[in-house]
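K.L.:
Could you build all of it, start to finish, from the sequences and the hints given here?
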Amino acid sequence: MYRYFWVIIISFLIFSCNEKQKKKSLKNSLPKGQWTVERANKWYNELDWLVGCNFVPSNAINQLEMWQEDTFSPELIDKELGWAEDLGFNTLRVFLHYLPWKEDKAGFYERVDQFLEICKKHNIRVMLIFFDDVWHPNPVSGKQPEPTKGVHNSGWVQSPGTAILKDLESHETSLKAYIQQTMERYAQDSRVLIWDLYNEPANPNQASYGDIELENKEQFSLKLLKMAFAWAREINPSQPICSDVWRAGSLNLDKIDIIDKFCYENSDVINFHSYYGPETTEKMVELLSASGRPLMCTEYMARTAGSTFETILPIFKEHKVAAYNWGLVNGKSNTIYPWHSWEHPFPNEPEIWFHDILREDGTPFSKEEVQFIKNSIGQKNLN
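Residue numbers for the sequence shown follow numbering that gives the first Met the number 0, beginning at 0 and rising by one.
I should point out that these hints are in silico values taken from the structure, not numbers from a laboratory. Among the clues, some could well be false.
Unchecked claim - Computed spacing ranges between beta-carbons, pair by pair:
(1) Pro277 x Glu68: 14 to 22 Å
(2) Glu168 x Glu367: 19 to 27 Å
(3) Lys31 x Asp188: 21 to 29 Å
(4) Ala229 x Glu116: 26 to 34 Å
(5) Lys41 x His318: 14 to 22 Å
(6) Glu68 x Gly209: 30 to 38 Å
(7) Ala105 x Ala229: 21 to 29 Å
(8) Glu168 x Ile351: 21 to 29 Å
(9) Ser249 x Gly209: 19 to 27 Å
Ideal placement from N, C-alpha and C gives every residue a C-beta, glycine not left out.
P.N.:
Put into structure tokens, the structure is as follows:
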């Protein structure tokens, strides 16, 4: 009996040591600078449920028109963010762009400061994005084109764009400064909620610009993505860092591509996109919850694709997933039209909008939908 007692004690000690070693190993396996799961959840649990949208003012066709001095529109932004506040939105996802920073750093930061102050006035905190691989691969500064009638996002541009993406060595110093100087400026700024380093890296844009896209784009995008994370970790801001897991619709983490895998394994919080209906979206939430990290769906809501506020927002509320739909006010981005309008432009406004919530005068596309959003968030009734 005495012998069995010591066997049990020794077995328990070995088990305890193994468990401690396992936890230590998991902790040490985190990428350098990545927040622990505990830190990420502590940060997130101190926040109200985050609900907002991807925002560009209605008079801007793209990020350049939003941020360039000649077309920056603080009065319009103030008006439209007032509408966002009335919906109950407490956060926005906003695209910066490398070119206006490179050409006018001082002016660019003045405009970002002004924008953040407007957001603060309306009790909105901001997710800022540095790079973007979606839509036109060749951005050009200056006057931007007018929208193509009936075509979804006909003027949106990538950042930094193909010319720079395919020659990262020549531009590495400047790209690093773009991220690090911006982060240093706002690293302790409570108006900035989180940093999204790269939107949809390696998106091939096959239906729109596939014929002029960079060959082997994925290898260049992955390289810039890894650089961006390394540069951001050197700054170590008070806010979390992430990039999009945007192709997880396969619902199998073992089969996600190398870029989504990198984003999933290196982000402080899990940032994902879902334009799917409720069944697939809920499965994505369950799948990505395996990380133990907070979840933020930074793109959703495409009505005619089955992703609506009424079907998706309750899922996010139940699981406390941060929710950023695409679009606030219908404008020059033309995102009321669906993606397939690239092949078949619409002659008239669609009966059911694809994205966006409000018309340019602030009236809703759907009064019932707006009331649902307000009720979900807990806002006052619609007047």
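K.L.:
So, for every hint listed, does it hold in this structure?
P.N.:
Here's how the hints hold up against the structure:
1. For the pair Pro277 and Glu68, the beta carbons lie near 43 Å from each other, so the given range of 14 to 22 Å is not met.
2. One distance hint, 19 to 27 Å for the beta-carbon pair Glu168 and Glu367, is violated here, with the actual separation near 54 Å.
3. A beta carbon spacing of about 24 Å between Lys31 and Asp188 agrees with the range 21 to 29 Å that was offered as a hint.
4. The hinted range of 26 to 34 Å is satisfied by Ala229 and Glu116, whose Cβ atoms lie roughly 31 Å apart.
5. Checked against the hint of 14 to 22 Å, the pair Lys41 and His318 passes, with Cβ atoms roughly 18 Å apart.
6. Distance hint for Glu68 and Gly209: a CB-CB separation of about 33 Å, consistent with the stated range 30 to 38 Å.
7. For the pair Ala105 and Ala229, the supplied restraint of 21 to 29 Å holds, since their beta-carbon distance comes to about 26 Å.
8. For the hinted restraint 21 to 29 Å between Glu168 and Ile351, the CB-CB distance of approximately 47 Å leaves it violated.
9. A C-beta distance of roughly 21 Å is found between Ser249 and Gly209, which places it inside the suggested range of 19 to 27 Å.
Violated hints, in rising order: 1, 2, 8; the structure is consistent with all others.
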